[in-house]
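Each chain, written out:
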Amino acid sequence: MSAPAPDTASAPPLAPDAGDGAAAGWRTVMPACIAVIPLGLAFGVLVVQSGLDWWWAPAFAAFVFAGSLEFLLVGLITAAAPLAQIAVSSLLVNFRHVFYALTFPLHRVHGLGWKAYSTFALTDEAYALTATPDAANWSRARIIAIQAGFHAAWVASVALGAGLGTLIPPEVQGLDFAVTALFVVLGMDAYRVRRSVPVALVAIACAVAAAFLAPDDMLLVAMALFVAALIGSYLGGRRRRRTASASAREDRP
Amino acid sequence: MIDPVSVASSIAVAAAVTWTLRAAPFAALVPLRRSELLAHVGERMPLGVMLILAVYSMRGAMAPVETSTTLPLVVALAVTVGLHAWRRNAVLSMFAGTAVHVLLRSVLALA
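Same order as they appear, the protein sequences are chains A and B. The working numbering applies: residue 1103 is where the first sequence begins, and numbers increase by one. The working numbering applies: residue 1433 is where the second sequence begins, and numbers increase by one.
Check each hint, because a few of them may be wrong.
[Stated by the list, open to error] As a list, the in silico SDA-like pairs of lysine to any residue whose alpha-carbon atoms are at most 20 Å apart:
(1) A:Lys-1217 with B:Thr-1452
(2) A:Lys-1217 with A:Phe-1165
(3) A:Lys-1217 with B:Gly-1514
[Stated by the list, open to error] Only some residues are given here: those of chain A computed to face chain B with a beta carbon under 8 Å:
(4) Gln-1151
(5) Thr-1180
(6) Phe-1285
(7) Leu-1288
Hints in this document: simulated from the structure, not taken from any laboratory. Idealized CB from N, CA, C, for every residue including glycine.
Okay, chain A solo, but in the shape it has when bound (with noise of 0.2 Å):
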């Protein structure tokens, strides 16, 4: 792939009305913004439901802004998880965020302290808007406006969420599937990307395994066994690919 340069005199010429600043940030950002509102009233629900004071689901979500992990993280706080445990999780949790440097148009965005709000709130969703090939040449106002934007929304919808959670009477429980719900519904979408039943059954297997070996640290011992599974199957496939080519090599006359 031959990228243009990434200065602005060899960036192609926009449309007329699309313009490159802030606003056409923000019109690129909005659907993801109400989109994400009902995920974020959700959440502010369960941090006030977990016996959490209500200005605790803004900070989470400022700070942390990432929101499968915040949803884990109240569980594993009220839990009283050790620091070593949170870390962890995390790291597994948001490890496909490796990942999206390789198309962020991070070049675009100048001056260090921009980038380090820019690699700060590179969420799924900044990476998903951004994956175009024309984002290349995006302004960094254009850039940071979807970033900062969803930001805001992700905040505000989660405050306004703790402010509804704190009027729910005590007599209604079980709102804490809205954890489960969202793990099982980003599984099914990760199904779709990787339709592979080993995958998904060796993980159910290391979970269950890690109930019953390890309850109090189940988590990390699970995640432990998968990604040991992962790596032992890439060094299997590695060896029978080896293999093969050999064998194809020496049957070759």
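Fit chain B to the given chain A structure using the hints.
Relative to chain A, chain B alone:
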């Protein structure tokens, strides 16, 4: 009451790890593009991690098996999975599943 210092330090650790995962790869783009192991693990991780988290989040309602907690869980799971397979609308699936769970749990707790 949950100790505010431990909540704040948990948030700080999670934020630091997440930011590192988002920022550090920009410093290592070339080896990252080349690593077959990373690609192999990365492609399979989202599915597996989400399933492990789903099982983890249900462990309290699965063992011990009790009608008042296990029944609402099984019904709500069926609603969430069925609806998501049918409509593919994440918000709809989550809200319907959670609503069913809250309703059954609250009613069974009164009985």
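Here is how each hint holds up against the structure:
A C-alpha spacing of about 13 Å is found between Lys-1217 (chain A) and Thr-1452 (chain B), which places the hinted pair at or below 20 Å, so the restraint holds. Between the alpha carbons of Lys-1217 (chain A) and Phe-1165 (chain A) the distance comes to roughly 16 Å, so the proposed pair stays at or under 20 Å and holds. Between the alpha carbons of Lys-1217 (chain A) and Gly-1514 (chain B) the distance comes to roughly 42 Å, so the proposed pair goes past 20 Å and is violated. This hint is violated: Gln-1151 (chain A) has a C-beta 10 Å from the nearest C-beta of chain B, more than the 8 Å allowed.
Because the smallest distance between the Cβ of Thr-1180 (chain A) and any Cβ of chain B comes to about 7 Å, under 8 Å, the interface hint for this residue holds. A hinted interface residue such as Phe-1285 (chain A) counts as satisfied when its beta carbon comes closer than 8 Å to some beta carbon of chain B; here the least separation is about 4 Å, so the hint holds. With a least beta-carbon distance of about 4 Å to chain B, the hint placing Leu-1288 (chain A) at the interface is held under the 8 Å criterion.
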